[in-house]
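Asks: What follows is each chain in one-letter form.
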Amino acid sequence: MKIKLIVWRQNSPTDKGRFETYNCDEVSPDMSFLEMLDILNEKLILQGQEPIAFDHDCREGICGACSCTINGVPHGPEKATTTCQLHMRKFKDGDSIYVEPFRAKAFPVIRDLIVDRGAYDRIIAAGGFVSVNTGGAQDANALPISKHYADLAMDAAACIGCGACAAACPNGAAMLFTAAKISQLAFLPQGQPERKKRAIAMIKQMEEEGFGACTNYYECEAACPKEISVRFIAKMNREYMMARMFSE
Amino acid sequence: MVLFNYLKSTILSKVVMAVTGVLLVLFLFGHMLGNLQVFIGSEAYNSYSQFLQSLGEILWLIRIVLFIALVLHIITSIRLKLLNRCANPTRYEVKNYVKATLTARTMIWTGIMIFCFLAFHLAQFTLRITDDESKNMKDMNDKNYSMFLKDPRGSVEINKDKYFYAEGIKIMKERHDTYKMVVKGFRNPLISLLYVVAMVILVFHLNHAIQSAFQTLGLNHPNYWPCIQRSSFWVSLLIGIGFCLVPLSIMLGFVGAGV
Ligand code: HEM
Ligand code: FES
Chain A
864 MKIKLIVWRQ
874 NSPTDKGRFE
884 TYNCDEVSPD
894 MSFLEMLDIL
904 NEKLILQGQE
914 PIAFDHDCRE
924 GICGACSCTI
934 NGVPHGPEKA
944 TTTCQLHMRK
954 FKDGDSIYVE
964 PFRAKAFPVI
974 RDLIVDRGAY
984 DRIIAAGGFV
994 SVNTGGAQDA
1004 NALPISKHYA
1014 DLAMDAAACI
1024 GCGACAAACP
1034 NGAAMLFTAA
1044 KISQLAFLPQ
1054 GQPERKKRAI
1064 AMIKQMEEEG
1074 FGACTNYYEC
1084 EAACPKEISV
1094 RFIAKMNREY
1104 MMARMFSE
Chain C
835 MVLFNYLKST
845 ILSKVVMAVT
855 GVLLVLFLFG
865 HMLGNLQVFI
875 GSEAYNSYSQ
885 FLQSLGEILW
895 LIRIVLFIAL
905 VLHIITSIRL
915 KLLNRCANPT
925 RYEVKNYVKA
935 TLTARTMIWT
945 GIMIFCFLAF
955 HLAQFTLRIT
965 DDESKNMKDM
975 NDKNYSMFLK
985 DPRGSVEINK
995 DKYFYAEGIK
1005 IMKERHDTYK
1015 MVVKGFRNPL
1025 ISLLYVVAMV
1035 ILVFHLNHAI
1045 QSAFQTLGLN
1055 HPNYWPCIQR
1065 SSFWVSLLIG
1075 IGFCLVPLSI
1085 MLGFVGAGV
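Line order of the protein sequences matches chains A and C. Quick note: the first sequence, position 152, residue 1015 per our numbering, numbers continuous. Quick note: the second sequence, position 32, residue 866 per our numbering, numbers continuous.
Bound-form chain C, shown alone (with noise of 0.2 Å):
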């Protein structure tokens, strides 16, 4: 396929790394912002759940690109990793590296490690198939729909959305509620364990890549190279302890004491 022509190409392959990987680390960037917003509450947490699925075309766009990105950057990896083999087949007696930084020679393990992290995640919180109560957590939305319904005290459905009288006066939109299943989810240890050792492996592999990116696009200038070199374990750093800060203060209990 002409599409995949660019693996013939060491430099070219590299550049697709780079790219996809710099797509990966966007997406992280705004999924770790989004995630934070538990520390707002229930109400904040599920309208921005109920936010991301009416985006419908535009959410699956996102997750297409997300997806041709993510397995670009597998099979690419893969294919260089055969290569460099190739290319060095006999090993040294005895190696010393010098500059050779630990996380850039696990960078394939690291790698792996977290597709088999993401995979569970995706079940867990996208599928909603790890747990079977999760599926069916429900939550009112406090909007008032009132002007949508002609009998006040039944239910009506619109755009297959259910709408139901409730308290009194206001009427309530039946949505998900994610902050539940993230709250039950996170109070088990083990599961937030996991959370947190996958962040720890996603920081190592950041933490080579994302200077790495830049290194491969190019872009070293003796001006800003400093800058990117720790900004590289910063940032990485950063999207990590965002990440994790969810699931601990869940399981210390922080967070979602109202569930």
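One chain only, chain A, in its complex shape (with noise of 0.2 Å):
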């Protein structure tokens, strides 16, 4: 395949960037997005060229590292997958394809593709844990937890907080990520002591990160990799709606 790709290049966070074209020749359809950009980074490198400075750790979709909004859509074209999962096999010969970073003012470009999604961080250590004085391990048993509840508290968790939210969104807002999190605790036994204050801990920190409102576009929804549902959004309204009217 031949493989048209209009790549963001910035050197620094400071630099104003520019789009450069390159022109890949030997694609094949059974590598990944991230393969691709391998081989024109050695090629890259050959030339005695910087080479595109990318995201990526697991590359089999569980470490939410991999980054790049492909064509307009985080992760690119293909429904729940991330860029590592994302193959050549997608696109047709011949294709342009932008590749461009995540954006959001709360997600700061470092270098080409490379943003800095640290404001995640720092939201779920705003609350988004459940303390633990250790003393004697509890029994196994001792708390019962409905199998409804556990399929809902995992389907939250398996936000794997790689930022395709907040980059989907047309409001840089980060509400489906924290959300998720939010929710996860929410929804168990354990999370019940410090449930109000994690709500308003943890949205309070959200915004001071920069990030927008909700307007309920649902764009996070479509880009999101784990398929996390709106609903957990609502949910999130309504956890912080009652943590504002009732929080002691």
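If you are wondering where the hints come from, they were derived from the structure by calculation, not from laboratory data. From a predicted model like this one, the values you see are computed outputs, not experimental measurements. Backbone N, C-alpha and C define an ideal beta-carbon position, used for all residues, glycine too. Keep in mind that a hint or two might mislead.
[As the list claims (entries may be wrong)] Cut-off 30 Å, straight-line C-alpha distance, at most; resulting in silico cross-link-like pairs (DSSO-like, lysine-lysine):
id, chain 1, residue 1, chain 2, residue 2
1, A, K1010, A, K1089
2, A, K879, C, K972
3, C, K915, A, K1067
4, A, K865, A, K953
5, C, K842, A, K968
6, A, K968, C, K929
7, A, K953, C, K933
8, C, K842, A, K1060
9, C, K915, A, K1089
10, C, K929, A, K953
11, A, K867, A, K942
12, A, K1089, A, K1067
13, A, K1067, C, K842
14, C, K929, A, K879
15, C, K933, A, K955
16, A, K867, C, K933
17, C, K842, C, K933
18, C, K933, A, K942
19, C, K842, C, K915
20, C, K933, A, K1089
21, C, K929, A, K942
22, C, K915, A, K968
23, C, K929, A, K955
24, A, K865, C, K929
25, C, K933, A, K1067
26, A, K1060, C, K929
27, A, K942, A, K865
28, C, K915, A, K1059
29, A, K906, C, K929
30, C, K842, A, K867
31, A, K1089, C, K929
32, A, K1089, A, K955
33, A, K968, C, K933
34, A, K942, A, K953
35, C, K929, A, K1059
36, A, K942, C, K915
37, A, K968, A, K942
[Stated by the list, open to error] Computed list of chain C residues with no C-beta within reach of chain A, every gap over 10 Å:
id, residue
38, N922
39, R962
40, I1035
Hey, can you piece these two chains together into the complex? The hints should help.
Replies: Put into structure tokens, the structure is as follows:
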């Protein structure tokens, strides 16, 4: 396959950045998108040019490190798939593909396609955990959890924190991420003691990071590689309203 | 002001958008049903109009609540729009929308157009300043008020309303001829067209808005969510058609031939 790549290049956070065009002539349909970039990078290095910087780690769709907005959709055109799991057979011979970094004010570009997603970590640090005072190990079945709630918590916990939701959102909002992280604990008994405090603290942090407000475009749900439902955003709104109204 | 503290929270801002929006939608639905009485006839229509005017303080209460809702709705939408522009300053070179509908992406613009239309609409039918004649259109109520009248041949004022002796035996109350005002207004095809276009824009706004309000208020459950999404479309279409029927049928001469 012949593919024309139009890639965002930016040397540093303060650099203005520009698009550069690369022609990849021997692309196999079995390559993943990142493998295609690997091969292009090797070519660039041999030519004495700077390789394209991009994020990746597990390359099996579970860590959330890979990013990129491909032809205007975070993680590219395939539904429920991370960039590392996207294969070139999804494209046609002769296609032109725009590759841009995830864009949102709270995700500043570090270099080329790499953005700083530390804002998500700081939202978690604000309350996305359960405080445990370690003592003797608890009996395994002491805390009964119904299958229904266990499933819901697992659906929310499927979030890999990749940032696609905020990158897809025309408002640069991180509601889907924050909602998944608040919900997964709100469904479980372990999450109850800090439930209200957590909702308020995480949402406050989310706002301080400079993420926008939800206007229910549902682009986040469409872009999410783990298909997290916007239903969790509705749940987060309920959690927040209850916490603001009824916390002591 | 403490009252506006909610603007600092993205989620509370959305809640205010949703609650004020729902209030306005409920009003629109009632307003549409009221308007449809034009098909019953001038008597029913003018009586309805007279009934609304006679509400006095209650009418003012409704007006004030709606006004506050509208102002909060607009202030909050502008503040959210600015915030969201800030949160996403660098646009993509290529952007492919997957789920965001055209109606969702144009909320601020359809909102602004509805506001402009609202200003014209109030000037035309509430303040009655677009047409010199419309203020002075009078109609006679056909209820019998003879018990109020000492001299059956004259006229008398009770509570600032004028009562007349007419038609031999009946005593009639003078009131504004809203029916005539509306019929004369919509005979002008330009005005009818303006209303129809405005209602198309309103349908756009509400199509996204109604389901959005449910989602914002946390009312999204798999059991009823598909129903809400469909209803959002059908209810907004129903409101739009209900409003459009009045100007269209008057312009085409089905209603108001006697005026
Ligand atoms: C008859 C008048 C109106 C009605 C019935 C109405 C109704 C609604 C409703 C129910 C919502 C959904 C709230 C939510 O997203 O949860 C909404 C959203 C919105 N309205 Fe209105 N609205 C009206 C007039 C206006 C006007 C005059 C503006 C002018 C600027 C406006 C701007 C907006 C915007 C920008 C949104 C979307 C906010 C967002 O995306 O979060 N609306 N409207
Ligand atoms: S590299 Fe881990 S999800 Fe793509």
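Asks: Can you confirm whether the C-alpha distance between K933 of chain C and K955 of chain A stays at or below 30 Å?
Replies: Distance of about 24 Å is within 30 Å: holds.
Asks: Hey, K929 of chain C versus K953 of chain A, does the alpha-carbon distance stay inside 30 Å?
Replies: holds (18 Å)
Asks: Checking one constraint from the list: CA of K1067 of chain A to CA of K842 of chain C, max 30 Å. Satisfied?
Replies: holds (10 Å)
Asks: Run the distance test for K1089 of chain A versus K1067 of chain A: straight-line Cα separation, threshold 30 Å.
Replies: Between K1089 of chain A and K1067 of chain A the Cα gap is close to 25 Å, so the pair holds against 30 Å.
Asks: Do the alpha carbons of K1089 of chain A and K955 of chain A lie within 30 Å of each other, as the hint requires?
Replies: Holds - the C-alpha atoms of K955 of chain A and K1089 of chain A are around 25 Å apart, at most 30 Å.
Asks: Would you check the hint for K968 of chain A and K929 of chain C, treating anything up to 30 Å between C-alpha atoms as holding?
Replies: Holds: K968 of chain A and K929 of chain C sit about 17 Å apart, inside 30 Å.
Asks: Does K942 of chain A pair with K865 of chain A here, judged by a C-alpha cut-off of 30 Å?
Replies: holds (23 Å)
Asks: Can you confirm whether the C-alpha distance between K933 of chain C and K1067 of chain A stays at or below 30 Å?
Replies: Since the Cα atoms of K933 of chain C and K1067 of chain A sit roughly 27 Å apart, the hinted pair holds (cutoff 30 Å).
Asks: Next pair to validate is K879 of chain A with K972 of chain C; report whether the Cα-Cα distance is within 30 Å.
Replies: Violated. K879 of chain A to K972 of chain C sits at ~69 Å, over the 30 Å cutoff.
Asks: For K933 of chain C and K1089 of chain A, compute the direct alpha-carbon distance and say whether it is at most 30 Å.
Replies: Measuring from Cα to Cα gives roughly 16 Å; hence the hint holds.
Asks: Measure nothing beyond the straight line between the CA atoms of K942 of chain A and K953 of chain A; if it is 30 Å or shorter, mark the hint as holding.
Replies: holds (11 Å)
Asks: Under the criterion that the straight-line Cα-Cα distance not exceed 30 Å, is the pair K929 of chain C, K942 of chain A satisfied?
Replies: holds (16 Å)
In this structure, the hints that do not hold are numbers 2, 26, 30, 35 and 38, in rising order.
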